[in-house]
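Engineer: If you want the building blocks of each chain, they are given just below.
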Amino acid sequence: MLVVVEQSLNGLQFGLLLFLLAAGLTLVFGIMDFVNLAHGSLYMMGAYFAATFVAWTGNFILGAVMALGATLLLGILLEFVALRHLYGRDHLDHVLATFGLILFFNDAVRLIWGPAGLALPLPAWLTVPVQLLPGVYYPAYRLSIIAVALLVAALLYVVVMRTRIGMLIRAGASNREMIGALGINIKLLFTLVFGLGAALAGLAGLMQAPILTVQIGMGENILILAFVIIVIGGIGSIRGAFMAAIFVGMIDTLGRAFLPDLLRKVLSSTAASTAAPALSSMLIYLLMAIVLVVRPEGLFPAAKR
Amino acid sequence: MKSALNLRNVVVVLVIAGLVLLPVYSALTGKVFILTMFTRIIILALAAASLNLIMGYGGMMSFGHAAYLGIGGYAVGILAFEGTGSGFIQWPVALLASALFALVIGALSLRTRGVYFIMITLAFAQMAYYIASSLSRYGADDGLTIYKRSNFGGVVDLSNRTQFYYVCLACLLGGTYLIWRIVNSRFGLVVQGVRSNEQRMQAIGFNANRYRLVCFVISGTICGLAGALLANNTDFVSPAVMYWTRSGDLMVMVILGGMGTLFGPVIGAIVFLLLEELLSQVTEYWAMIMGPLLLLIVLFARGGIMGLLGRFSRG
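Chains as they are written, first to last, in my numbering: chain A, 47 to 351; chain B, 852 to 1166.
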């Protein structure tokens, strides 16, 4: 029972983290119609910036905020220098250009920080376990990830649905040319949205950094999960990304935790121990395949253009 | 009818002649390295050519093509490991396994279009990667060493460097010929028609998705052959063969050479891999140059090398 609660919380935490990544990706796609493979690189840069700034300032929160700002600036710079020339091009061009950026970022990181991974140590006050229920403890840091991610999700909802800039973003998603014609500075809006997406990716990266090591290519596997989430949730839909992210986070975490034991009840223990790792890593993709068969446009598609 | 003697065709003929004569050069100068390097280039050119069939002619942007390299490779590796050394069994199994995988993946992925298709093929290839990484009997992450290359009785000896080179070259030229025949057949014309206007093809009575799927399976099968060759070339197969960056590399080769041209992928593969080799000799951080170079190619040189050559010959 205890393990179930703990693993469910782990799943929720992983899902929320995936949401931060997927939200930026789906926002950029929904509004600029731009496919950004380098989103995972921004995630990685967020983690590297955090590790550097935290070591430099000696303060975890200050370092994290500085890393967030740095990722935001990096995103804006990237958009300004290279990516804005690609809007309106074929999606294949986006994929190739951003694939090139991934190569660049991976080697740039290797050049600057070296091939070995970095560690981002947590301050003492975040390492204590918190008692949730009598006898149920959970690491404070993972709880704070859940809190921060929920807060950001709520903030994102308010910004997109309740403010003027959010109105422009939604208008841009449904008809780019029209809001340009209405005198909105669409270039600036796009740059801002890209920066926002970059900051969300950076936030996900820096929050994940203390749990895993900060290393080259850390953004790539999680980027593919973010793709799966977007496909399941429906491209361009933040609500869909949220639901799908929680779903995928839960299934992945619970599958890895409990599938081996479940299989052992049905199969012989040797067969189970060979099949379980393969099956649990396939689980999400199976889910995606099922969603595609039933609803090819995703579970919560964005409103039709 | 365009004149046959234009810059493009001259370059293609020169490249093919160069590839055919390469072992002679290697034997005369004693540079063995160049032969092994070009064997790899030719194998990956075959994979790129197969990707071009669906990407260039079919309009299906698959970002998971490296999966077939892995499946073809693992078919050879696993059979060799389990004691079946005959190439007459290994290679057909490799082709069949790739075709089956392409059939399943294609049937699911082709329910979607555009970016979804890119992401989904990527995700399925990544799934294949994770499955291979969890095959503990066959080396898991560390990969599987192949102690004996595919045995073709007395027909050819794959352990002989020159013979293996010519087998690979024959596969590349044969594959390209096959693709040429497909593209110019009624089937190929329908596939290209579906790429330009799916609705119209549907309206005149073609089942667009069925044509697409068959094309997807053919492409995957050809790439599976490249996988079997690659495994024989390296005497080794590991999940890294199907890592998604390899799929990206294949895509880059196709675009660099010229998507939708018959020999574009071959030229793209040669240029890409030679560039990689050269840059990695100059600096350890070659990808820092290669990445922005890709960006520039996308921004300024659409149509790839074949497109550029075509532009020059028009004057």
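The reader is advised that the hints may include incorrect statements.
Claimed, not checked - Lysine to any residue pairs mimicking SDA-like chemistry, simulated, CA-CA at most 25 Å apart: (1) A:233 to A:223; (2) B:882 to B:1127; (3) B:999 to B:944; (4) A:311 to A:337; (5) A:311 to A:52; (6) B:882 to B:1129; (7) A:233 to B:988; (8) B:882 to B:1125; (9) B:999 to B:940; (10) A:233 to A:261; (11) A:311 to B:985; (12) A:233 to A:127; (13) A:233 to A:134; (14) A:233 to A:214; (15) B:882 to B:858; (16) A:311 to B:882; (17) A:233 to B:987; (18) A:311 to B:1130; (19) B:882 to B:1147; (20) A:311 to B:982; (21) A:233 to B:1143; (22) A:311 to A:127; (23) B:999 to B:874; (24) A:311 to B:986; (25) B:882 to B:981; (26) B:882 to B:1143; (27) A:311 to B:944; (28) A:233 to B:1150; (29) B:882 to B:985; (30) B:999 to B:1016; (31) B:882 to B:1135; (32) B:999 to B:887; (33) A:233 to B:982.
Hints were generated in silico from the structure; no laboratory data involved.
Engineer: Against the earlier hints, flag every one the structure doesn't satisfy and list their numbers going up.
Structural biologist: Checked against the structure, the hints that fail are numbers 4, 7, 10, 15, 16, 17, 18, 19, 22, 25, 26, 27, 29 and 33, while the rest are satisfied.
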